[in-house]
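**Student:** Spelled out, the chains give:
Protein chains: 2
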Amino acid sequence: MKLYSYFRSSAAYRVRIALNLKGLRYETMPVHLLRHGGEQLSDAYRALNPTALVPTLVDGDLTVGQSMAILEYLEETHPEPALLPADAPGRARVRAIAQIIACDIHPLDNLRVLRYLKHEMNVSEEAKNAWYRHWVVEGLTAIEKLLAGKPQTGRYCHGDRPGFADLCLVPQVANARRFECDLGAMPTIVRIDAACAELPAFQQAAPANQPDAE
Amino acid sequence: MKLYSYFRSSAAYRVRIALNLKGLRYETMPVHLLRHGGEQLSDAYRALNPTALVPTLVDGDLTVGQSMAILEYLEETHPEPALLPADAPGRARVRAIAQIIACDIHPLDNLRVLRYLKHEMNVSEEAKNAWYRHWVVEGLTAIEKLLAGKPQTGRYCHGDRPGFADLCLVPQVANARRFECDLGAMPTIVRIDAACAELPAFQQAAPANQPDAE
Chain A
27 MKLYSYFRSS AAYRVRIALN LKGLRYETMP VHLLRHGGEQ LSDAYRALNP
77 TALVPTLVDG DLTVGQSMAI LEYLEETHPE PALLPADAPG RARVRAIAQI
127 IACDIHPLDN LRVLRYLKHE MNVSEEAKNA WYRHWVVEGL TAIEKLLAGK
177 PQTGRYCHGD RPGFADLCLV PQVANARRFE CDLGAMPTIV RIDAACAELP
227 AFQQAAPANQ PDAE
Chain B
27 MKLYSYFRSS AAYRVRIALN LKGLRYETMP VHLLRHGGEQ LSDAYRALNP
77 TALVPTLVDG DLTVGQSMAI LEYLEETHPE PALLPADAPG RARVRAIAQI
127 IACDIHPLDN LRVLRYLKHE MNVSEEAKNA WYRHWVVEGL TAIEKLLAGK
177 PQTGRYCHGD RPGFADLCLV PQVANARRFE CDLGAMPTIV RIDAACAELP
227 AFQQAAPANQ PDAE
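These protein sequence lines map, in sequence, to chains A and B.
First residue of the first sequence? That's 27 in this note's numbering, and the numbers climb one at a time after it.
First residue of the second sequence? That's 27 in this note's numbering, and the numbers climb one at a time after it.
A few of these clues could be false.
One copy or two, either will do: identical chains are not told apart, so a pair holds if it fits within one copy or between any two.
[Claimed, not checked] Result set (DSBU-like, lysine-lysine): computed pairs, CA atoms no more than 35 Å apart in a straight line:
id	residue 1	residue 2
1	K154	K171
2	K176	K28
3	K28	K154
4	K171	K48
5	K144	K28
Honestly, the hints are just simulated from the structure, not real lab data.
Quick caveat, the model's predicted, so the values are computed rather than measured.
Take these sequences, add in the hints, and give me the full structure.
**Tutor:** This is the structure:
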């Protein structure tokens, strides 16, 4: 398998964690989002993934974008270890937590959006950072409520095995810290993030440990 | 089942189509996003769904938000008729198309985001509409490329049965038309949208046919 990835992309980071948790070997194909006016915008990359976003997974004849679609594909084709619970309500809970990040936080704070705010809307650096933090705090506050004190929550977001929710949460928390968001009201998230940080699958997927890290 | 819905919410619209395609009866619980300062922001609704977004599905003991998590739950608990193909690459393709809408278009053009642009960033009506159209056109252009001339594309996005990609596409196309986005370069999307419009499951899920329609 080949994963088109950028070390700092949190969507690629999710997929890297999943590949590692499942013990799948893959080749990293770096796509530098800032260099050469953005390599993801090149004709060559758009031919592979017309959204011009990372990640893209290539597995044999299949070329697929969208991190959440890739995660489901990996779960279906390499079911062990499972990254979703076995029961339908549990799977719904985990997917809902994952998608608060994938749908409600990350798309708003993505590089292309921050660029649009800056270049097309002439938004100040301060207003752009306030925007970034606003959506992180909105989304993580909701996740904290879904996690804290709930019987399904264990060492990780759902029970004592890491899964989709955790591998979305960790990259988002890393970004939140980079942008100095206040996580003081989110003790459950901070605790789960720390538990994940002990696992080699998460460590090896971290931006600093990628071949294209700077 | 109860679906907390707003007639114009395209995320709720997706779920309504899925429920109809699967022949599942449900009770609509209207959440008016504009009235009373936004009923989704009330303590009562937040207790149900801490993201303060629609839709929320209640099925017995399960309460779950996030339209894509709800769709997967319905597919798992009521597998017939299937809204995902049987093969993993096909499922990945359908989920990726659905998620271009669910992750790359809709979250950026959601009511709460347009409100933030207007009230927190003092963006003009014109700039706000340009923003709206920009993300619609970016996303739908990518989807058109994934659909046009591809052997997997049939009467619908994937073969000749409607599924996740179609039920995400139709609400997004409806919104695109409401905001006068130019769909001239997207003949495959326009054709598939028209094919879906012939199906009662799609017709009955349309905003105008909801109990809370205005």
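**Student:** Hint by hint, say whether it matches the structure.
**Tutor:** Right, here's what the structure says about each hint:
1. K154 <-> K171: both (26 Å within a copy, 32 Å between copies)
2. K176 <-> K28: Only across copies: K176 and K28 sit 22 Å apart there, 38 Å inside one copy, limit 35 Å.
3. K28 <-> K154: Within. Shortest intra-copy distance 34 Å satisfies the 35 Å Cα cut-off; inter-copy 38 Å does not.
4. K171 <-> K48: Both, since 29 Å and 32 Å are each at most 35 Å.
5. K144 <-> K28: This pair counts as within: shortest intra-copy Cα distance 33 Å, inter-copy 42 Å.
In summary, this structure violates none of the numbered hints.
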